[in-house]
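Chemist: Model the full assembly from the supplied sequences, consistent with the hints where possible.
Residue numbers (our numbering): 5 to 246.
Hints may contain errors.
Derived lysine-lysine pairs resembling PhoX-like cross-links, with alpha carbons at most 25 Å apart [stated by the list, open to error]:
hint, residue 1, residue 2
1, Lys202, Lys66
2, Lys119, Lys172
3, Lys165, Lys129
4, Lys66, Lys239
5, Lys119, Lys66
6, Lys129, Lys172
7, Lys66, Lys170
8, Lys240, Lys202
9, Lys107, Lys63
10, Lys63, Lys129
11, Lys63, Lys170
12, Lys202, Lys172
13, Lys202, Lys231
14, Lys231, Lys112
15, Lys239, Lys202
16, Lys170, Lys119
17, Lys172, Lys63
18, Lys165, Lys66
19, Lys107, Lys119
These are calculated hints, taken from the structure and not from any lab test. Just so it is clear, the structure is predicted and the values come from calculations on it, not from any experiment.
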Amino acid sequence: MEIRNIAIIAHVDHGKTRLTDALLQQTGMAAAGVSMDSNDLEQERGITIYSKNASIFYKDTKINIVDTPGHADFGSEVERILRSIDSVLLVVDAQEGPMPQTKFVLKKSLESGLKPIVVINKIDKPAARPEWVQEAVLELFMDLGASEEQLNFVTVFTNAKQGIAKIKLTDESNNLAPLLETILREAPAASSPESAVKPLRFQPFNLAYDNFLGRLAIGRIYEGSIKPDMSVQVKKPTGETQ
5 MEIRNIAIIA HVDHGKTRLT DALLQQTGMA AAGVSMDSND LEQERGITIY SKNASIFYKD
65 TKINIVDTPG HADFGSEVER ILRSIDSVLL VVDAQEGPMP QTKFVLKKSL ESGLKPIVVI
125 NKIDKPAARP EWVQEAVLEL FMDLGASEEQ LNFVTVFTNA KQGIAKIKLT DESNNLAPLL
185 ETILREAPAA SSPESAVKPL RFQPFNLAYD NFLGRLAIGR IYEGSIKPDM SVQVKKPTGE
245 TQ
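Modeler: In structure tokens form, the structure reads like this:
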């Protein structure tokens, strides 16, 4: 099974968590009303504070999604996540266009050598201006020194609230299939068969705790593979292993 590792990045309130929730629901991985923002403080403030990860399955491909914070106060969380994925969905509000945090997360993505997929969301807004936003995003790419390949980005128009995606604004659509197809086509595969036979190299990017499982380390396998009951060595910053 092929794997895609992507992060969803955006300015605060541009709809990335709602888009993630819609992807989970349409692929049968979550029930309606379930949100990635499950932390009490996140629910209270209405913003993502901690990065969340989830997996969906589409056409025999596993897509690992990391929903990142959109507020500038949690920028370090975004930087940490970008080192563990292969592509990003840059979500931009169809009315507001690029905002300060859009510039920050895009700059970090481009510096990491990632080629973003641009998602212009909230196209249902009465004052939406998606064509203008698309041009504004292109100008931001150029201002940030994007490479020729990065400038050749794909744009998908969405209404995450209704779970709709379109490649062209005139297209008819009633689901997010156009976005999922774009992810499969544009995001690079996570690993090759050659790397799977190498010694395990795994880097955690998120820690969690489960009342039944105990401590959890969620991360990226760069080389090798891991199986249940397998013994591994943990390398500390000092170089020691345990």
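Chemist: Tell me, in ascending order, the numbers of any earlier hints that this structure violates.
Modeler: 4, 9, 10, 12 and 14
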